[in-house]
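K.L.:
So the sequence lines, in the order shown, correspond to chains A and L.
141 is the number that our numbering gives to position 141 of the first sequence; each next residue is one higher, with no gaps.
308 is the number that our numbering gives to position 308 of the second sequence; each next residue is one higher, with no gaps.
Rather than coming from a laboratory, the hints here were simulated on the basis of the structure.
Where hints are given, some of them may not hold.
As the list claims (entries may be wrong) - Non-contacting residues of chain A with respect to chain L, defined by C-beta distances greater than 10 angstroms in every case (computed):
#1 137
#2 139
#3 163
#4 176
#5 182
#6 235
#7 238
#8 242
#9 252
To be verified - Label-pair distances were calculated between CB atoms; the ranges are:
#10 155(A) / 257(L): 53 to 63 angstroms
#11 165(A) / 17(L): 15 to 25 angstroms
#12 100(A) / 189(L): 46 to 56 angstroms
#13 227(A) / 223(L): 43 to 53 angstroms
#14 227(A) / 227(L): 34 to 44 angstroms
#15 300(L) / 268(A): 38 to 48 angstroms
#16 318(A) / 300(L): 44 to 54 angstroms
#17 235(L) / 177(A): 17 to 27 angstroms
Note that the structure is a prediction, hence the values are computed from the model and not measured.
Note that beta-carbon positions come from the ideal geometry of N, C-alpha and C, so glycine has one too.
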Amino acid sequence: MTQAASVSSVASVSSVASASSAAGSPHHGEWGSLDVDGIRIRVFRQGSGVPLVYLHSPFGEVGALAVFADLAEAGFQVLAPELPGFGQSDPVTSWRGVADVVFTVRRILDGLGVERAVVVGSSLGGWLAAELAVWFPERVRALALLAPVGLRVADDPVFPIFGAEDDVLLPRLLARPAEFSAYLAPALAWPVTHDGDGSGGEAGEDGGAGEGGGAGEAVAPDPLALPLHLFRAMEATARIGWNPYLHDPALAGRLTLVGAPTLVVRGELDGILPAAHAAAYTAAIPGARRVELADCAHLPALEQPAEVAQLVATITRSAKAASP
Amino acid sequence: MQFFSFHLMPWPYLPADYTESAWITVPNKLYDPPRGHDLYNRYLDELEYAEQVGFDGLVVNEHHQTAYGSMPSPNLFAAMLARRTSRAKIAVIGNALPLYHPPTRVAEEFAVLDVVTGGRLIAGMVVGGGPEYYSSGINPAQARGRFNEALDLVLQAWTRPGPFEFHGEYYQIPRVNTWPRPLQQPHPPVWIPGMGSRETMELVAARGFSYVGLPFFHISVFERNYAEFRRIWLEAGREPAPENLGLLLPIYVAETDAAARAEYEEHLWYFARRLLNGVQIAPPGYQSVASAVKLMGNAPKYLLNVSDWETVEAGSYAIVGSPDTVTEKLIDHIRRLGVGNLLGLFQLGSLPADLTRANLTLFAEQVMPRLRKEFAAGVSWPEVTA
């Protein structure tokens with residue numbers, strides 16, 4: 001099957017209501033959904049220019065985030081799919097290993113009509129981005145790994161996030177733990193009209209999240225929306241990384257195959273991912289550059305959006321310079 | 001009416017200064033093997049004694065890495081009981097199917113037990129507790145899928161002429177050919193414990209299995225769940241079947257109500273505050289949203305969250321009192337719930353050997369005969385008598 005054929009067969013992209021009143025404006029972004037091999041995937045898009053795919057963390061951050069606005073401003077077309085099982089996306093229950101997940105991510109790229117993109121991944125998404133760059137290097141123009149899990153480093157384990165209480169987890173996750181719900185609020189925005197297959201409404205209905213009125217109206221905050229979002233996010237993360245715990249034992253030996261210019265970013269205050277993991281990625285990927293951000297923990301895209309956008313722009317320029 | 005004596009085989013020696021979880025992370029240096037030697041033999045004696053005083057069945061179950069219960073392989077305990085008893089049913093409720101790979105091992109071991117005991121086995125099968133997904137590494141997001149498929153595999157292994165190929169989503173076995181086959185035909189009775197999820201009840205009703213509600217909830221939670229079960233069962237087109245419903249409760253009988261409380265209370269609190277601590281762990285993917293919401297709603301009505309004796313008594317978290325009190329309460333609950341099987345925990349928490357034995361004796365001599373007489377014509381279901 002040719003690439004073009006697969007794109008047309010897999011993707012039926014439809015835009016739904018905008019997250020803001022300025023529907024369709026590249027500066028505000030919009031929600032859409034696509035069908036990927038029978039799975040409904042919700043996508044947030046913002047900006048136009050160089051395609052950039054953002055793969056979220058275990059907490060499922062998407063929507064109108066500051067980092068997407070900054071990236072759009074810097075000349076990127078941001079495409080932020082909600083991975084299967086997160087947010088309003090359908091789950092894939094047939095995954096048995098990370099290779100299955102990577103294949104799904106590749107099909108999402110097909111569905112988005114993206115031949116080649118800058119791929120930015122946060123934590124879990126960083127792991128998947130690195131896998132994508134190993135298995136489908138032709139799809140990755142530049143790679144930005146933000147606090148990427150995915151490796152096992154002896155004596156330096158990733159903090160066990162499953163079952164961790166908020167008061168233990170959040171100070172490790174964020175330099176400003178109180179911001180947690182604000183960072184995830186954009187992901188809880190629910191398109192006020194949706195495209196009819198009904199499957200995407202399930203989580204919203206379970207949680208009692210209302211379906212709003214006319215296009216552009218904000219949906220009233222639902223106290224159960226965030227717990228429900230996190231419940232699904234942790235289930236989806238467990239599906240991928242319960243055991244082996246958030247890593248692929250084979251990945252370290254394959255990272256030498258990554259050809260794209262690569263940036264590894266980690267927050268100095270990260271209490272989830274030990275520094276040794278960022279170092280291991282940097283050492284294993286040819287030519288990779290490593291940056292540590294001050295006043296930042298495990299989610300740099302949320303905690304230091306301007307900085308991250310600037311770093312991504314820089315690594316993308318180096319990709320342009322490298323390829324004729 | 002059938003009476004079962006259930007044992008959890010708990011660890012009664014957690015030090016007073018240890019107040020953390022009794023599950024998964026409880027440091028195993030707290031397990032003392034010489035004391036364990038005495039304890040296992042004492043607990044097995046208590047199960048054997050229950051047969052001697054007239055119980056119809058003995059019950060064991062599976063838990064891992066916890067002071068709550070010391071039977072990581074309940075089939076071992078069933079095997080020990082198999083040769084030391086001759087009349088009582090042996091109910092294993094159950095084997096946590098997703099933790100066995102391949103699950104045909106469950107079909108084999110249960111078949112051995114059934115053949116050796118001359119058909120006295122009750123085969124329970126469960127998803128396994130939430131904590132057990134941390135202790136086994138099995139993916140909790142696959143728990144339900146693995147359970148359903150493994151259950152199907154075990155049933156096929158018992159009933160389909162072998163050899164045959166099993167090709168499932170989780171398990172692929174080129175030649176399934178169970179040897180020995182179970183003595184009870186087409187297969188031993190299957191009991192499925194449940195926490196009130198509709199999914200489990202529908203499965204039990206569809207296949208004609210038996211249901212036992214997981215214990216330590218306020219009696220109102222059982223009333224709601226069992227009403228739902230009876231409705232689902234009847235909607236599946238089946239006749240009322242009290243023999244397919246079991247009620248599991250801690251029971252303590254003494255000469256008087258006051259004596260019962262005085263002897264029992266501290267041991268119940270040891271259980272509720274020390275051993276239950278950690279049971280509520282639910283890994284991601286283990287429950288559906290609907291089940292999690294339902295369970296959250298029931299949490300205030302769970303013994304772990306109960307702090308005073310009056311609530312224990314009023315909510316029937318445990319049935320404690322004189323033979324008269326215990327008999328009256330049980331008659332009431334059996335009637336309302338429509339259960340044909342009563343599973344009593346006669347040892348709980350740190351309850352010592354002498355009190356456990358006295359409890360079993362009093363129950364067998366002064367409560368059981370009255371309940372047998374009361375329900376001599378069988379238990380009926382409220383829906384049908386109404």
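K.L.:
For every hint, state whether the structure bears it out.
P.N.:
Status of the hints after comparison with the structure:
1. At the 10 angstroms boundary, the C-beta of residue 137(A) stays outside the reach of chain L, the nearest C-beta of that chain being 29 angstroms off.
2. No Cβ of chain L approaches the Cβ of residue 139(A) within 10 angstroms, the least distance being about 27 angstroms, so the stated non-interface status holds.
3. The beta carbon of residue 163(A) is not kept farther than 10 angstroms from every beta carbon of chain L, the shortest such distance being approximately 6 angstroms.
4. Listed as outside the interface, residue 176(A) is consistent with that label: its C-beta sits roughly 25 angstroms from the nearest C-beta of chain L, beyond the 10 angstroms cut-off.
5. The non-interface label for residue 182(A) is consistent with chain L: the shortest C-beta to C-beta separation is roughly 23 angstroms, beyond 10 angstroms.
6. With a least beta-carbon separation of about 4 angstroms from chain L, residue 235(A) fails to lie farther than 10 angstroms from that chain, contradicting its non-interface assignment.
7. Some Cβ of chain L comes within 10 angstroms of the Cβ of residue 238(A); the nearest lies about 4 angstroms off, and the non-interface call is violated.
8. The non-interface label for residue 242(A) is inconsistent with chain L: the shortest C-beta to C-beta separation is roughly 4 angstroms, within 10 angstroms.
9. Distance check on residue 252(A): its Cβ is at least 21 angstroms (rounded) from any Cβ of chain L, clearing the 10 angstroms threshold; non-interface status holds.
10. Between residue 155(A) and residue 257(L) the beta carbon distance is about 58 angstroms. The supplied range of 53 to 63 angstroms therefore holds.
11. As the Cβ distance of residue 165(A) to residue 17(L) is approximately 22 angstroms, the hint placing it in 15 to 25 angstroms holds.
12. Here the CB-CB span from residue 100(A) to residue 189(L) is close to 39 angstroms, at odds with the stated 46 to 56 angstroms.
13. Range check, residue 227(A) to residue 223(L): Cβ separation about 28 angstroms, and the 43 to 53 angstroms hint is violated.
14. At roughly 29 angstroms, the beta carbons of residue 227(A) and residue 227(L) sit outside the given window of 34 to 44 angstroms.
15. Taken as a hint, the range 38 to 48 angstroms holds for the pair residue 300(L) and residue 268(A), whose Cβ atoms sit roughly 42 angstroms apart.
16. As the Cβ distance of residue 318(A) to residue 300(L) is approximately 58 angstroms, the hint placing it in 44 to 54 angstroms is violated.
17. Separated by about 49 angstroms at the C-beta atoms, residue 235(L) and residue 177(A) break the suggested range of 17 to 27 angstroms.
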